[in-house]
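Q: Listed here are the chains, written in short residue letters.
Number of protein chains: 2
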Amino acid sequence: MTLHTDRHFEDELQSLQELLLRMGGLVERQIAHAIESLVERDSELAREVIARDREVNRLDILIDEECLKVIALHQPAAGDLRFVTTALKVNTDLERIGDMAVNICERALELNDEPMLKPYIDVPNMAKEAQQMVRTSLDALVRRDTALARRVIEQDDVVDGYAHQLYRELLSFMVEEPKTISRATRILLVSKYLERIADHATNIAEMVVFMVDGKMIRHAASLPRGGAELA
Amino acid sequence: MTLHTDRHFEDELQSLQELLLRMGGLVERQIAHAIESLVERDSELAREVIARDREVNRLDILIDEECLKVIALHQPAAGDLRFVTTALKVNTDLERIGDMAVNICERALELNDEPMLKPYIDVPNMAKEAQQMVRTSLDALVRRDTALARRVIEQDDVVDGYAHQLYRELLSFMVEEPKTISRATRILLVSKYLERIADHATNIAEMVVFMVDGKMIRHAASLPRGGAELA
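Going line by line, the protein sequences match chains A and B. If you want my numbering, it's the 1-based position in the first sequence plus 132. If you want my numbering, it's the 1-based position in the second sequence plus 132.
Only chain A is shown next, with the shape it has when bound in the complex:
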């Protein structure tokens, strides 16, 4: 019977993992469509993304319930328990990434009502990096691959670099032409949403490293020297 139970438990962990990947794929597409609605000035698409947030939210509820069920029924031990509690937290990050896609669409709807300020070249480039970070952080989770997770954490600097560049560019737009201010601040907010998506992916990657190594790199700088290993 133990074999049967273990098999069942493995299946449930597997299906939990697949749910997380489905959620990840969904929010990745939400980001891509949100940016497309901005760049192509497609307000219809923006409204579709906002409506599809219902799916993200349903999946969020489902994954949380699955995590609780796995813990309650199988009482997993150390490593597996850490995976399931990590899944609980990763799920929240993914749901909030979905919220960021909605926020981007809200700004897109406002921006699409006004003449275009400038071609949004940096914005889609920045979005591509952020999307890739989300995908890679989930790959790292399911493969328990800390090297991959660390690549995500490093990639966050690329996104921050784009954000900084865009900020300076928008600032000079606003200074030279005050009538661009309202549009420029909205684009600035879009860049902030993308930064937050990258932050969420970074959080996921840091949790993966902690889950696998027991190393709390997310706060490594906060710990006394030599105290970075807690588990």
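Treat the hints with care, as some may be off.
It does not matter which identical chain is used: a pair holds within one copy or between any two.
[What the hints assert, rightly or not] Simulated pairs of lysine-lysine, BS3-like, Cα-Cα distance not exceeding 30 Å:
{"#": "1", "residue 1": "Lys311", "residue 2": "Lys324"}
{"#": "2", "residue 1": "Lys250", "residue 2": "Lys201"}
{"#": "3", "residue 1": "Lys201", "residue 2": "Lys260"}
{"#": "4", "residue 1": "Lys201", "residue 2": "Lys324"}
{"#": "5", "residue 1": "Lys221", "residue 2": "Lys201"}
{"#": "6", "residue 1": "Lys250", "residue 2": "Lys260"}
{"#": "7", "residue 1": "Lys324", "residue 2": "Lys221"}
{"#": "8", "residue 1": "Lys250", "residue 2": "Lys324"}
{"#": "9", "residue 1": "Lys221", "residue 2": "Lys311"}
{"#": "10", "residue 1": "Lys221", "residue 2": "Lys250"}
{"#": "11", "residue 1": "Lys311", "residue 2": "Lys201"}
Hints are computed from structural coordinates only; laboratory data are not their basis.
Assemble chain B onto chain A, guided by the hints.
A: This is chain B only, laid out in the frame that chain A set:
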């Protein structure tokens, strides 16, 4: 022996709760000091808040480990398990509120280097609301009080109202006087950080309602009619 074990378990839940309240009190003070460093133009205080984020991070690690220990050792059943997994998620929200206080201080350090744009009246008022939301959401958690949790959720509109008002005000500053743009965008970011703190408190409150009632109000609008009760 069961009695003894139960007692021990109750003690651990109690101490977990106290840790969360300690974390809550700490991040609340971090917000208050961050805003003080901005309003009083006290860069020394800003640097202290940034340094004290180490404490927030240490407590974050400790609380996560406590949650895992409680689950692994006591294998709590439905309601208690839901409390511990909620604690895991609440802890993450509190840690990120701490990060927002650090971000406010970073903007304060930049703003304190330039002449003051205007008296920051709305900013501290907005911060007080956000702080109160954090405190009340944790009260709601430890008392399992959904009415209190719902008050937090309603209060989010007050913070959003302040944010909107501040945005319009800063926009008109920038339009009338382009040399204020750099400072105004920094204050705009501070207001965004406070909005995010209020969002985190709202998330906590929504999780409390779900924990107590099994009602997923955080996505109530996403569910088909009559489908708001999942548990």
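Q: Hints first: check each against the structure and report whether it holds.
A: Hints, one by one, checked against the model:
1. Taking identical chains as interchangeable, the C-alpha atoms of lysine 311 and lysine 324 lie at most 30 Å apart whether they share a chain (21 Å) or sit on different chains (22 Å).
2. For the identical chains of this complex, lysine 250 and lysine 201 are neighbours neither inside a copy (50 Å) nor across copies (54 Å), given an alpha-carbon limit of 30 Å.
3. In the homo-oligomer, the alpha carbons of lysine 201 and lysine 260 never lie at most 30 Å apart, since the shortest distance is 35 Å inside one protomer and 39 Å across protomers.
4. For a Cα distance limit of 30 Å, the shortest separation of lysine 201 from lysine 324 qualifies neither inside one copy, at 36 Å, nor across copies, at 37 Å.
5. Within a single copy, lysine 221 and lysine 201 get their C-alpha atoms as close as 15 Å, and across copies as close as 17 Å, so both meet the 30 Å cut-off.
6. When the C-alpha separation of lysine 250 and lysine 260 is checked against a cutoff of 30 Å, the pair qualifies only within one copy, where the shortest distance is 19 Å, while the shortest distance between copies is 38 Å.
7. In this assembly of identical chains, the alpha carbons of lysine 324 and lysine 221 lie at most 30 Å apart whether taken from the same copy (22 Å) or from different copies (23 Å).
8. Proximity of lysine 250 to lysine 324 under the C-alpha cut-off of 30 Å is found in both arrangements, the shortest distances being 18 Å within a copy and 24 Å between copies.
9. Proximity of lysine 221 to lysine 311 under the C-alpha cut-off of 30 Å is found in neither arrangement, the shortest distances being 43 Å within a copy and 43 Å between copies.
10. For a Cα distance limit of 30 Å, the shortest separation of lysine 221 from lysine 250 qualifies neither inside one copy, at 38 Å, nor across copies, at 40 Å.
11. Neither within a single protomer nor between protomers do lysine 311 and lysine 201 lie at most 30 Å apart by alpha-carbon distance, with minima of 55 Å and 57 Å respectively.
Comparing the model with each earlier hint shows violations of hints 2, 3, 4, 9, 10, 11; every other hint is respected.
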